[in-house]
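Enquirer: Starting from the known structure of chain A, fit chain B onto it as the hints suggest.
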Amino acid sequence: MSGTEGVDRPDGPTYEEWVAALDRNGFYLECANGHGSLPPRRVCPECGDTDLTQRSLPGTGTVATFSEVHVAGPAFAGETPYVTAVVDFGPVRLTGVLREVAADEVAVGDEVRADVEPDGPGDRPLVVFRPA
Amino acid sequence: MTGVRVAGVGLTPFGTHEGRAGRDMFAEAALAALADAGVASEDVEHLNYGNFMGALAERQGHQAPLMVEAAGLRCAGTRYEEACASAGVAIREAVRAVRSGEADVVLAGGMERMTNLSTAEVTESLAVAADELFEVRAGVTFPGAYALMARAYFDRYGGDREDLAHVASKNHANALVNEYAQYQRAVSVEEVLDAPVVASPLGLFDACPITDGASSVVLVSESYAAEHDLDAPVAVTGTGQGGDRAALQDRADMARTPAAADAADEAYDDAGITARDVDVAEVHDCFTIAEVLAIEALGFYEPGEGIGAARRGETTRDGRLPVNLSGGLKAKGHPVGATGGSQLAEMTRLLRGDHPNSDAVPDATVGLTHNAGGTVASAVVHVLEVAE
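Chains A and B supply the protein sequences, listed in that same order.
Quick note on UniProt numbering: the first sequence kicks off at 1 and runs consecutively.
Quick note on UniProt numbering: the second sequence kicks off at 1 and runs consecutively.
Just chain A, same shape as in the assembly (with noise of 0.2 Å):
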């Protein structure tokens, strides 16, 4: 018998499904005072609230910061360079790489969609952002 056979999950969603409906209807957390957040999660880091809330991730999101990495660990060395992106989506902000947009066409700034590519790197979900 598995030592988690019969525990009750957390209430919110894992992260796997959060990651898993991005390129449909992707989600973020928002407490009762209005703070966003990312799951797993069971209390907002902001005010310690457990009341918490799946709402719809904004449809575009802009370039709140960005690099163009040279460098990486075996997960990505075959993706190098790729555009690794933070892209504000209201409440909260993402982490992803970039996509169908080089380099040097990126501004801060920019809007774009968040999506999902299954299996990136390392055969895990990748959040990706392309052009809105």
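Just so you know, the hints here were simulated from the structure itself, not pulled from any lab data.
Backbone N, C-alpha and C fix where the C-beta goes; we use that ideal spot for every residue, glycine too.
A few of these clues could be false.
To be verified - Under 10 Å between C-beta atoms, here's a sample of chain A residues computed to sit facing chain B: (1) Val-43; (2) Pro-74; (3) Gly-90; (4) Val-108; (5) Arg-124.
Expert: Same frame as chain A, but now just chain B:
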């Protein structure tokens, strides 16, 4: 509360120690510190040991008892892990143990072995200090994370790669005479700007190297120092620690490091000083932008003003506040789990007057060390003062 004196310090040279086990490097630093202190190894009551990636680099967890053994101590040890601030927090806890009266003599420091791994393996091992789900899986490397902070800083406050290049050039110049430094060679601003890109806007010479090395300090109570007639003129008068969200995306502002500001505020209050009292500082410049963020968080500069400090000659060896006279992580090297201990060792030597760069700060009485973990999700600040 008893005062805490730095009785002795010890370092290995920082660089490539091919084929040397971590325990051998730590033993070298520990024995050097005990000899410098004139303290018998059997008087050491606890080892506070910092290490970050030993389980990956040497397949060796549970390192503290090994290091007790290697250093010839007869006491228990505890490993502290706070990414690149591991030795900083090990020292902070040693200070607290001595102050509380729980111990009179604590050996603190750290060790990291890194060059036996490939660059890709080191990149992956260091990335573990970031948020695994929301950063590492998205391809964020350690240099990549600081590059994201650099871009956010440029976008918010201005400044450019040439400003950062002056930070690198300054710290390499300081390392020229430091026998413990990995790179004792000058690097011009042009060389920094021409180096290959690691993660834009940062190039190879904006980054600290991959380094092996160890550090140790012997911290004692004032009463122990007096009873044993130790020559220990430098006291740790302030300690502080701050924390922040692990992932950059979750920070309120990616161009600031509030964990360091909180650590500094606590350390200043503890020592009863302000930022204006600091004569010389060793800050965590794992990347050039990190030094800029540090000198702002520590209260030496307003946000947005630190970027030009090296270029204006204010933080150079002949400036009003010399920063990283050791060469910093940038030129001295960054064996991550040892770095916080090396900062305390270098600052002690600078204040005692036996550092090769002590002549740059002959009248200095107050020094500050700033040690950061990850992208400053943790930070430890210490204030050192010449007590007699």
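Enquirer: Against this structure, judge whether each hint is valid.
Expert: Now the hints, each set against the structure:
1. For the restraint placing Val-43/A at the interface with chain B, the shortest Cβ-Cβ distance is roughly 13 Å, beyond the 10 Å limit, so the hint is violated.
2. Interface restraint check: Pro-74/A against chain B, minimum CB-CB distance 5 Å, threshold 10 Å, status holds.
3. A distance limit of 10 Å between C-beta atoms decides the matter here; for Gly-90/A the minimum to chain B is near 13 Å, and the interface restraint is violated.
4. Because the smallest distance between the Cβ of Val-108/A and any Cβ of chain B comes to about 5 Å, under 10 Å, the interface hint for this residue holds.
5. With a cut of 10 Å, the hint placing Arg-124/A at the interface with chain B holds, because the nearest CB-to-CB distance is about 6 Å.
Violation of the numbered hints given earlier is confined to hints 1, 3; the remaining hints are satisfied by the structure.
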